[in-house]
Amino acid sequence: MSGKQTVTEHFDSYAPTWHLRIKQHPYAIRYRVVERMVAGLSPKTVVDVGSGTGEYCQLFDPQTYIGYDISPEMVKHSSRLYPTHKFEVGDAEQIPQPDASADLTLDIAVIEYYDDPLPHMRELVRITKPEGTVIVAVPNGDNRSKKPLNGLARLIDRLLVRPYKPYKKDILHNAHTLKDMRALGESVGLKMVDYGYCSLRVLMHDRPNTALSEVWSDRHSLDWLSSKTATILVCQYVKTV
Numbered sequence: 001m002s003g004k005q006t007v008t009e010h011f012d013s014y015a016p017t018w019h020l021r022i023k024q025h026p027y028a029i030r031y032r033v034v035e036r037m038v039a040g041l042s043p044k045t046v047v048d049v050g051s052g053t054g055e056y057c058q059l060f061d062p063q064t065y066i067g068y069d070i071s072p073e074m075v076k077h078s079s080r081l082y083p084t085h086k087f088e089v090g091d092a093e094q095i096p097q098p099d100a101s102a103d104l105t106l107d108i109a110v111i112e113y114y115d116d117p118l119p120h121m122r123e124l125v126r127i128t129k130p131e132g133t134v135i136v137a138v139p140n141g142d143n144r145s146k147k148p149l150n151g152l153a154r155l156i157d158r159l160l161v162r163p164y165k166p167y168k169k170d171i172l173h174n175a176h177t178l179k180d181m182r183a184l185g186e187s188v189g190l191k192m193v194d195y196g197y198c199s200l201r202v203l204m205h206d207r208p209n210t211a212l213s214e215v216w217s218d219r220h221s222l223d224w225l226s227s228k229t230a231t232i233l234v235c236q237y238v239k240t241v
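Heads up: the sequence shown is residues 1 to 241, going by my numbering.
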């Protein structure tokens, strides 16, 4: 994993404005996929690992939900934004939750910070009840659109005589393919029952791309396209052990 202190400081710095990201296209689409997956569930206990500023708590009754985050600032802001829900500082490697205590465990954009995600996945399984649900969101490792689109952006910058500024990667953001996630789940006793590709990058980041992504995201009939162009993969599992 990226150093815990580095990760904590990284998210502490983003905490005051992190909640605004839910309005941005990639995060809004990811939220929509998770919302679809939990719609038919009636969990009595929901554990949100890496809860950020708590946006996913809106999908659940306050009495059923607890969110943990490594960032004290994230916890402070989530408690301010959603005062009826419970949030605590917690380490995703040692989630402060009893064994087999969660009907539903959320893990939205957490495992990407691990070089080896297996111990973290085992921890998710530990806290989840038998036949309980685990939902994991991760950068899509099958995505093939990022490199050519970044190349196009670089070319446009050259033509406009302006400096190209690539994204500075100060902490890990490891991507995983659908095949990776299926195998990873099976290795710890999780059976994948659903998945969703979201936030497609078919064109440059503009309104046409956003409109296409709104229509094409999370449609299995379009996997031939979305698996290669989606930036985010959301996986739904059931615990079988």
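In case anyone wonders, no lab produced these hints; they're calculated from the structure.
Positions of the beta carbon are idealized from the N, C-alpha and C atoms, including for glycine.
Incorrect hints may have been included.
[Stated by the list, open to error] Restraint ranges, calculated between C-beta atoms of paired labels, are given here: (1) D61 <-> A211: 29 to 35 Å; (2) R144 <-> Q58: 32 to 38 Å; (3) Q24 <-> K228: 20 to 26 Å.
Each hint tested on the structure:
Range check, D61 to A211: about 34 Å between beta-carbon atoms, so the 29 to 35 Å window is met. In this structure the hint that R144 and Q58 lie 32 to 38 Å apart at CB holds, the actual value being about 33 Å. Between Q24 and K228 the beta carbons are some 22 Å apart, a value that agrees with the proposed interval 20 to 26 Å.
Comparing the model with each numbered hint stated earlier shows that all of them hold.
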